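Residues per chain, in single letters:
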Amino acid sequence: MAEEKRLMKGNEAMGEAAVRAGCDAYFGYPITPQNELTAYMARHMLDKKRVFIQAESEVSAINMVYGAAATGARAMTSSSSPGISLKQEGISYACGADVPIVVINVARSGPGLGGISPAQGDYFQSTRGGGHGDYYHIVLAPKSVQEAADLTYEAFDLADQWRMPAMVLADGMIGQMMEGVVLPQPKDPATRIAKPWASGNRPAGRDCNHVDSTHLVPEEFEQANIARFKRYDEMKKLLPRWEEQHVEDADLILTAYGTSARVSLGAMQMARKLGLKVGLWRPITLWPFPEKRLGELAGKRFLTVEMSMGQYIEDVKLYTHGKSEVSFYGRCGGMIPTEEDLLAEIRRILKK
Amino acid sequence: MATKGKTEIDRERCKGCLLCVRACPTKVLAADVEPNSWGYYPARVVAPDKCIACGNCFAVCPDVAITVYKL
Amino acid sequence: MGLQQKSVILNPVGCSIWASIYFDFDSVQVPHGRTPAGATAVKRMLPDHLVICYQGDGDLAAIGTAEAVHAANRGEKFTTIFVNNAIYGMTGGQMAPTTLVGQKATTAPYGRDPVEAGMGYPIRVLEMLATLGGTKYLARGAVNNAANTRKTKQYIKKAFEAQMRGEGSTMVEILSQCPTNWAMDPVESVGWVESDMIPFYKLGVVKDELAGSNEESKEAAK
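Residue numbers (this note's numbering), protein chains in the order written: chain A, 1 to 352; chain B, 1001 to 1071; chain C, 2001 to 2222.
Chain A extracted, bound-state conformation (with noise of 0.2 Å):
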């Protein structure tokens, strides 16, 4: 029987897929405006019997996810940016230690307090390892409620299979939203893949089990980051995802991801409407971003479309390898593009 499609916030929706995929632990903390989640997980993780805590602060939360996940436990937080700012330093040892968790980031405008509104302020924390030291961590991007479901879902996967963090880097949009979704077949713990590494619950025989990101003696550290580099390396051939439309015989080709490229979706259709030739690009992965495939289309001109006041598009720079011209349209402070707005932008740059 197939799965109905429910009507959700993206919030809850993505409560309820990590559920599906088998959350044990759940550590979250009150920030607007990702409260409906922490609230879904407390309802339905207690419903369950499994592990729910409102901690003292983010980076207690953090701290639990890293302690649960140490022990081999499906382990998951969700914040918004100023949280997402104090789990940075757990986020770093969860990658110094390869310690899968999932961290969700509904994020909102800043800096500093900032605003509650949906923004995209994030990308380079996100991205480029908010935390010290030499690291990376899976980003995801959704730009819909069923994508935040799906994306929530597979990341507890990623994160065991590639032994990482990996985010779900959502906005307060997509969080607040309501949209038809079909959620996912809860998974069987059966598939889980094991974690020998974990502590707790040590066989006889084996040696004790250490989860843990020190490492003073510098040889052994260059060598042991040079092996996760490698581990990184692979993902960037297996793992990068985008979606595309348009973009063979574009002049333009619109680029974002999330809320930023709903509003590039409408405003590309309104623009063909009026006989010019705009593409989209959307990156799904972040992180391993889909440089491969962006470099097959240097050469382009692009308009990087974000609500902040331009982060991404220096991915889309670095990865056109200058051979492309590329453009900025942004809002930030939590204003969210409008396709109007947009196609204004476009006929300017097209000079149509």
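Hints are computed from structural coordinates only; laboratory data are not their basis.
Quick list of the computed label-pair ranges, beta carbon to beta carbon:
1. 2134/C to 234/A: 44 to 52 Å
2. 219/A to 2114/C: 42 to 50 Å
3. 204/A to 2211/C: 28 to 36 Å
4. 1033/B to 2154/C: 31 to 39 Å
Keep in mind that this is a model prediction, so the values were computed, not measured. Every residue gets a Cβ at the ideal spot worked out from N, C-alpha and C, and that includes glycine.
Since the structure of chain A is provided, determine the placement of chains B and C on it from the hints.
Same frame as chain A, now just chains B and C:
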């Protein structure tokens, strides 16, 4: 007849903190005059016959360098 | 207690980090101060395990105060072993939350001065946590002499047994001499524990609301 004991100190493991010397109720132990290979002057049994196997030295030794036997 | 295969120790940052080397347990190394948070989750995921939250005074009562207070107040079932040496050891002798008034440290070169220099007062952690509903067993021992060392061992055993009975939260504070950072020789440092620390940090059971304790404590008090 009070319990009799024997104390052995691993002089290479000992770092000469001498907490055992302080803890011993019958003055069995004292600092050695010869250093170990680390350069520490470890504790040494100087009055073996006075040992009553109370184990105080063992209890306070931070490096678990002492073994006490009840005779 | 036959729990070697089912024990996890959390070693944060500070001298406590070496715990994973000294104890033959599975371990989880957590960021400075976040040990109670990590321990909370480890214990929640492994309720049948002995989970030890091994902290120093900086970890617990400075950067990790919020985690310590809230884990205690949630009545988490792990046991905290709180080593109080009244100084930051690993980093070379800075003032800690438990540094005594007048005690010198690299960051209190003229002695801890709560008045003129606003360096705050030494924190009696157990007494503070005793006010929380979630704390069930809080005891303070010392290792300055054999008798106190043995007494401390009893406190720890009682806390571990309580943990395995599913009671929490439990914490044992251990006054610990730190010759290296007090700039004393070991015997002197033990003397300082006796002359200065013990009078301020009273030894003994600060709180005992464990289920089987009423009879036991009468027994022990005989």
